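Participant: Taking the hints into account, I'd like the entire structure generated from these sequences.
With the UniProt record's numbering, you'll find the sequence shown wraps up at 198, consecutive numbering, no jumps.
Some clues are possibly wrong.
DSSO-like cross-link-like pairs, simulated, lysine-lysine; straight-line CA separation at most 27 Å [unchecked claim]:
#	residue 1	residue 2
1	K110	K144
2	K105	K89
3	K154	K144
4	K110	K156
5	K105	K173
6	K89	K100
7	K83	K95
8	K83	K121
9	K154	K121
10	K123	K156
11	K165	K121
12	K165	K154
13	K89	K173
14	K144	K121
15	K125	K154
16	K68	K123
17	K156	K83
18	K89	K110
19	K123	K110
20	K89	K180
21	K165	K180
22	K165	K123
23	K125	K165
Calculated from the structure, these hints are not laboratory results. These numbers were taken from a predicted model, which means no experiment stands behind them.
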Amino acid sequence: MEFKYGRTLRENSFSPKHRPQPSPMKKDIFRRDLGLDDDDALPDMSSSSDEDSDGTQPSEIEFNIIQKELTTCTQQRDALRDKTEELQKTVQHLKSRLQKEEISKRSRMKMMQRTQADVLKDKQKLIEDLQDILEENGDSSSMKLVTNIEQLHKEKANLHAELMKAFDEYDTKMNEMEEKLRNAPHPIINGHNGDISQ
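Facilitator: This is the structure in structure tokens:
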């Protein structure tokens with residue numbers, strides 16, 4: 001009994017064209033069913049990158065807005081600098097006035113003190129002289145001398161009161177000037193208060 005096709009079958013069974021292929025994996029079947037293996041379904045990453053790159057570039061309108069804001073900030077900075085200089089001049093002016101006023105007050109107070117001291121010294125000497133005269137003359141002119149002495153004591157008390165009042169006015173004036181200087185706004189320069197050197 002001859003097998004005419006035995007060799008043919010053997011050759012066909014070992015032919016690469018008829019070699020059995022492995023069954024596809026479930027993952028490959030799933031991707032094929034979803035159409036994920038199609039090249040056309042993949043997004044064009046290069047074009048998307050170009051669009052993203054173009055999107056990051058500011059438009060002309062945005063550039064104009066930014067430039068306008070920068071101009072506004074520059075103007076505000078210049079205005080703040082001018083205001084700071086003006087405040088510094090104000091503080092310096094107040095400080096100068098305070099110093100001049102203090103020097104003038106001290107000079108006047110020294111003159112008043114010397115004058116008051118001389119007047120009180122003269123009054124005291126006159127009182128002592130009148131008392132000596134009273135003791136020498138007896139009671140004939142005692143009433144007149146007593147009246148003169150009392151008047152001198154009143155004048156002495158008045159002079160002392162005026163001196164104390166002048167001291168009070170001087171202290172009040174100095175306190176007012178110091179308060180104005182403390183309340184003057186200190187400009188801020190480079191993030192620090194602009195302290196004025198003493």
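Participant: Does each hint fit the structure? Answer for all of them.
Facilitator: The hints, checked one at a time:
Distance hint between K110 and K144 is unfulfilled; the C-alpha atoms sit about 36 Å from each other, more than 27 Å. Proximity of K105 to K89 is assessed by CA-CA distance (about 24 Å); at most 27 Å being required, the pair is judged to hold. For the given pair, K154 sits about 15 Å from K144 by alpha-carbon distance, which is consistent with the 27 Å threshold. A hinted pair counts as satisfied when its Cα atoms are at most 27 Å apart, and K110 with K156 qualifies at roughly 19 Å.
Between K105 and K173, the direct Cα distance comes to roughly 9 Å. Compliance with the 27 Å bound is thereby established for this hinted pair. Pair hint K89 plus K100 holds up; C-alpha atoms about 16 Å apart against a cutoff of 27 Å. Between the alpha carbons of K83 and K95 the distance comes to roughly 18 Å, so the proposed pair stays at or under 27 Å and holds. Restraint check for K83 and K121: the C-alpha separation of about 56 Å exceeds 27 Å, so the hint is violated.
With a CA separation close to 14 Å, the supplied pair K154 and K121 stays within the 27 Å bound. This hinted pair checks out: K123 and K156 have alpha carbons roughly 7 Å apart, not beyond 27 Å. Simply put, K165 and K121 have alpha-carbon atoms about 20 Å apart, close enough for the 27 Å limit, and the pair holds. For a cut-off of 27 Å, the pair hint linking K165 to K154 stands: about 16 Å separates their Cα positions.
For the hint pairing K89 with K173, the CA-to-CA distance comes to about 22 Å; that is within 27 Å, so the pair holds. At roughly 22 Å between alpha-carbon atoms, K144 and K121 fall within 27 Å of each other, so this suggested pair holds. The hinted pair formed by K125 and K154 meets the criterion: a straight-line CA distance of about 15 Å does not exceed 27 Å. For the suggested pair K68 and K123, the alpha carbons sit about 81 Å apart, so the restraint of at most 27 Å is broken.
Of the supplied pair hints, the one linking K156 and K83 is violated, its CA atoms being roughly 54 Å apart against a limit of 27 Å. With a C-alpha separation of about 32 Å, the suggested pairing of K89 with K110 is violated against the 27 Å cut-off. Between K123 and K110 the alpha-carbon distance is near 20 Å, which keeps this suggested pair within the 27 Å criterion. With a C-alpha separation of about 14 Å, the suggested pairing of K89 with K180 holds against the 27 Å cut-off.
For the given pair, K165 sits about 23 Å from K180 by alpha-carbon distance, which is consistent with the 27 Å threshold. For the suggested pair K165 and K123, the alpha carbons sit about 20 Å apart, so the restraint of at most 27 Å is met. A C-alpha spacing of about 25 Å is found between K125 and K165, which places the hinted pair at or below 27 Å, so the restraint holds.
The structure shown violates the earlier hints numbered 1, 8, 16, 17 and 18.
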